[in-house]
Amino acid sequence: MNNICLKSIDKDNPSSLATYETMGGYKVWRKILNGELSPEKILEELKIAGLRGRGGAGFPTGLKWSFMPRNQEGQKYVVCNSDEGEPGTCHDRDILRFNPHSVIEGMAIAGYVMNATVGYNYIRGEFMEPYYRCEEALKEAYDAGLLGTNIKGSKVCFDLYSHLGAGAYICGEETALLESLEGKKGQPRFKPPFPANVGLYGKPTTINNTESFASVPEILSRGGQWFADLGVPNSGGTKCFSVTGNVKNPSNFEIPMGTPFSDLLKLAGGLRKGRTLKGVIPGGSSTPVIPAAKAMKMTMDYDSIEKAGSMLGAGSVIVMDDTTCMVKALTRLAHFYYDESCGQCTPCREGTGWMYRVLKRIMDGQGKSEDLELLLSVQDKMLGNTICALADGAAMPVESFIRHFREEFEYYIKHGKSMVENDG
Amino acid sequence: MISDQAKKEIDIWVAKYPEGRQSSAVMQALTIVQKENGGSLTNELKQAVADYLEMPTISVEEVATFYENYNHKPVGKHVIRFCHNISCMLNGSDELISYLEEKLDVKTGEISKDRLVSVKRVECLGACVGAPMCQIGDQYYENLTKKRIDEILDGLK
Amino acid sequence: MMVDIEIEIDGKVVHGYPGESLISIADRQGIDIPRFCYHKKLSVAANCRMCLVDIEGNPTPQPACSTLSSAGMKVHTNNEKAKTAQKAVMEFLLINHPLDCPICDQGGECELQDVAMEYGSDISRFTEGKRIVDDKGIGALIQTDMTRCIHCTRCVRFGAEVAGIVEMGATGRGEDLKIEPFLSEGIQSELSGNMIDVCPVGALTSKPFRYEVRSWQMNSIQTIARHDLVGSNIFTQTHKNKVKRVVARDNESINETWISDRDRFSYQGLNSENRVLIPKIKVKGEWKDASWSDALDFATNGIKKNAKEGSQFGTLASKNATLEELFLLQKFTRGLGSDNLDYRLDTSNPFNAKVLESNISLTELETIDHALIVNSYLRLEQPMINHRIRKATLNGASVSTINAKAFNFNYRISQSVLTSPQNTVATLSGVLKALLDKSSQTLPGYLNSVTIDQTHIDIANALSNAKHPVVVLGEHVNGNKCSDQVAQLVANIAKASEAKTLNASLTGNAHSAERVNFKPDNGKNALQILSSDLTAFILFDIYPNFDCIESKNAIEHLSRDDAFVVVMNSFDDESVLSFANVILPIASFYETSGTHINVDNIAQSYSASVKSAGESKPGWKVIKVLADLLNLEGFDFTDSSQIADEALSLSPSFSEIEVPISNSEMPNVATVWQYTPYASDVVVRHASSLQQTRIGQMSEASVCKATAKLLKLSEGDLYNGIPVNINESVAEGCVFVHTHLPRQLGVI
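Chains as they are written, first to last, in our numbering: chain A, 1 to 424; chain B, 1 to 157; chain C, 1 to 748.
Isolated chain A, as found in the complex (with noise of 0.2 Å):
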């Protein structure tokens, strides 16, 4: 466990330069600064590893690589997402806390290879610490001649820099992160044109998320074949998972794909005394909540988790006990993204504040009998329409969460108040 991205979270001043190194950071870069490395190689050995991009939509990171016209002319930039803000997850906080670095080697890597000389960390406005770690680091990086212009005359160059955002779980979707980074307010951008063609100021770029940056320098350190075994196929390696909600010790875990969710569950201490699992939401609360049946037989990677009807999502698993009433979860979710719609869309503008309105109405007891198909039938007129992904985050959880436990809210809408004893 945790031997990759949060390899350092127990270490002695985790996020030091000195540190990384004595744990072989670097490594992989002072060979591409040698000449010893070519991007092919790179790019290869990625595709082996079946690394796909941690950030939610697991989208194979070699493959993305190879998609940036590297060759073209004209500056090209590396971006990564930092801005962690899907409710449930918070292992990239800590991946920049403890292992800047790992996330600064995969980053000049990622630029070698696309031939991209500038690169952008957007980190959520609110983390701060993880801000000041990433800076002392970069600091370093710099000092020890390992970022700038013909870094140890190589010819290589690249320059990082942090940017902070300011409190927009939108931004995490790639295009409205450009747009953030662009000094817009983050509306996603319609897509084609993609990144790599059309990216920040108009220039090819690519944008992966933390965890997957994080995780370059040690595939290439020990090679692709060696990462893709950790985990099972179509889900290699390993991943971060934060475990929160009703266990007894919340915490991130860095597990091989494919470990049974029974045995994450333990990791995290199990369940409080004397209380049995209702629901799992396994990938972050965009992704539809599984029943505790379902998700006990489940197993942490991509196919395992859709077999059940979610999505791996980001690994942000919400363990829900016997005592959460899922009429208020639901709520509390659709206020989420009715807070957070960017708005430029007319279903999810218009979807999100509607689904939000009348799961109010009944947690205030004015449910009518009709709601729930009236909530059915809205995020099902949301789902596919709109240009990003956050209307489908929304509408997700109110599909599943209605159709796996139905009778909680037929009985909120009957009775006016909860059928969760400890709870409404």
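Worth flagging that the hints you see were computed from the coordinates, not collected in a lab.
A quick note: this is a predicted structure, and the numbers were derived from the prediction, not measured.
Keep in mind that a hint or two might mislead.
As the list claims (entries may be wrong) - Computed list of lysine-lysine pairs in DSS-like fashion (alpha-carbon distance at most 30 Å, straight line):
{"hint": "1", "chain 1": "A", "residue 1": "Lys-248", "chain 2": "B", "residue 2": "Lys-146"}
{"hint": "2", "chain 1": "C", "residue 1": "Lys-130", "chain 2": "C", "residue 2": "Lys-87"}
{"hint": "3", "chain 1": "C", "residue 1": "Lys-617", "chain 2": "C", "residue 2": "Lys-284"}
{"hint": "4", "chain 1": "A", "residue 1": "Lys-266", "chain 2": "A", "residue 2": "Lys-297"}
{"hint": "5", "chain 1": "A", "residue 1": "Lys-139", "chain 2": "A", "residue 2": "Lys-184"}
{"hint": "6", "chain 1": "C", "residue 1": "Lys-40", "chain 2": "A", "residue 2": "Lys-184"}
{"hint": "7", "chain 1": "B", "residue 1": "Lys-120", "chain 2": "A", "residue 2": "Lys-417"}
{"hint": "8", "chain 1": "C", "residue 1": "Lys-81", "chain 2": "A", "residue 2": "Lys-307"}
Said to hold, decoys possible - Beyond 10 Å from chain A on every Cβ pair, some chain C residues (computed):
{"hint": "9", "residue": "Glu-56"}
{"hint": "10", "residue": "Thr-455"}
{"hint": "11", "residue": "Asn-668"}
{"hint": "12", "residue": "Pro-723"}
We treat Cβ as the ideally placed atom computed from N, Cα and C, and that holds for glycine.
Once you've looked at the hints, dock chains B and C against the given chain A.
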């Protein structure tokens, strides 16, 4: 309108972006002037930032009203931003927010009578393993309990 | 060459260009796809989601506006999947829309209403409270009802992309997203009214039109806007013989789909109380209402009596008169044996028009790569011409200026040379010399003593490095005593740099006046007519306080006891009453048929939209009757189109002459006097809403510190009645006046 010190800080950010792309620094510029102004923005400040970064004022206004971290009305010296999203809710954030409101005699969104503190309910701050949690200034406070809240409040001056 | 690709829409094989959007192909084929945010002239936003269509192979419906066609694509715009998506979007659009159609001015011409008819449901499932948007108002021209806004952002994009001033924005987020400007001080763009046209709902409507009449009760008449050199195509919308509203009419080669605020809102002037409605004669110093026949007799008798010789007679006409009016009036004047006629009343030296032609079309202006703008605040003078240059700048063209003041353009000026009127000849000579030096050409003698500085070289370089440059000469030259030399130098610079030229110092319908040669061949020009001993005059729609460069002299001269002045005017004016002997009321804009010739030499004829006010009559008819009464020959017209035919058989009269460049004596301090665009002619001066705008309210005499000291002026003092503003954006040695107020002094 913008102090020399603030301009210096803004310039550090401007230097990170390509020439002519100084508007990339607008979010930080707003953060900096907001901090200097005691935690909130005014039309004059937004205008000043627009002028300084050579942006249309309405574009600055769009940014200032889009992102959560800007305040458009005066706030307390300390803003307690309390997460109420799912992981925190599952760990009792609602109860703690009520406790906080009662103790400070202030509703969320309002400023305490001594203007020292205001409380804001916010969405996920990305520290869910430490739920329930809140943010005050740059600092995160995790695994909160009533006792811990008492201690934190006692430390606010 | 673009290669066609084939795609299939609703089972029909259609052709498109690679990379063309589906909606554009569908539009060309007449296949109807509902849309709100898409507008053919604006960037694609793809945010309303109304144009979702089903593309085979795609799991989810895709917006037709942002989806680019590729060969073999099979698109369904109205199968179940597409319809379901479109209906879903429609429901979302309507839940927070107030549906206050009965009191909405957009009712009957509302895109939301139209699409809702087809895609909406008649029952609302939304039972929560509807959103109410509090809005601050955005000025005198546009009425905001933002509760109706559907957030399509067309107005926002219009501002950023077309108007070039980012004024409206989308603030907030989620369902609090709000379309608004930063402050409520009013939108400032001279093209702002187009936001009304692009708004698909009743959120932005015409303020002067508010609650006037329902759209379906009006007649729409195709006509031409007469204020500027472009002749934008418009519809006048009338009700009970009043023009109630003006909207743009598409004409890609002239105004595309836009019109200036001046063209849109000036119609308000027609309904002003200040119109002349009845013929009037002055008997023993007293004004009396008269019948048409009495007034016409009075006029002809006066002319006969006071102008026994044709040379004692002079005619002045407004540059905004119609081609027909100008043609008849020159025929009338020449028929009386006089060659004293002119339309160039605002010009100190009326020769500039002769030496500089316009030889670039509006559409061609978009393709230039450098523009040198001389003596012009082009954005306000000729908004639609400026718009074409702005489009060129969006494609990378650069612009330099030689102006008395650094103006606020809606594109970047790469090189701005501040030059007072007295130094303009020297500056242009410097540029010309630098150009000729570059190509090692022999210099004409007058350039020998000219010194070149870096700014001249920079401009010369910009021109000579450009493949398609243009030089634009604007209105400010008219007040320059050496305007002919300035125009000559501009022509020479253009020749030396193989640049096209655009003469924007000729405004309004001046091209018609030039076509019919409404200026003397050997007789007296405007300044001479207004200063020599002529004894009979016709003034056609002229208001000397505004229109004449030496207004005080002009009025004094016309007030002489031995002068008999026949005035044909559409508006009342105190100063006119003081000198006129007879006033014949004539039809104003939209009240008469006529022809406008624009900068591309395109003659656009139009018919009257409404009957003329009161007893006033179309100018051409009045002139014809006067001619008949005086037994002049060749006035057998029964229809204005016959006049236009005869006038248009004349070829454009541009004749190249060479003005010698010399050292002329110039004042130490010169004044450039420019009216706001909303004071440029008598109709717009009476348009009350335009007068309330920031542009309309402008009244400022700008002067630099050094010149202020010389003139002993302080901030806020009055200079010829205009408040002084001391700033360094003005060239030394000049006062730049921008105002809506009339000239106060005789000579400036």
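Now the hints, each set against the structure:
no. : hint                  : in the structure
1   : A/Lys-248 / B/Lys-146 : holds, 19 Å
2   : C/Lys-130 / C/Lys-87  : holds, 20 Å
3   : C/Lys-617 / C/Lys-284 : holds, 26 Å
4   : A/Lys-266 / A/Lys-297 : holds, 14 Å
5   : A/Lys-139 / A/Lys-184 : holds, 28 Å
6   : C/Lys-40 / A/Lys-184  : holds, 24 Å
7   : B/Lys-120 / A/Lys-417 : holds, 27 Å
8   : C/Lys-81 / A/Lys-307  : holds, 26 Å
9   : Glu-56                : holds, 16 Å
10  : Thr-455               : holds, 32 Å
11  : Asn-668               : holds, 48 Å
12  : Pro-723               : holds, 38 Å
Against the hints set out earlier in the document, no violation occurs for any number.
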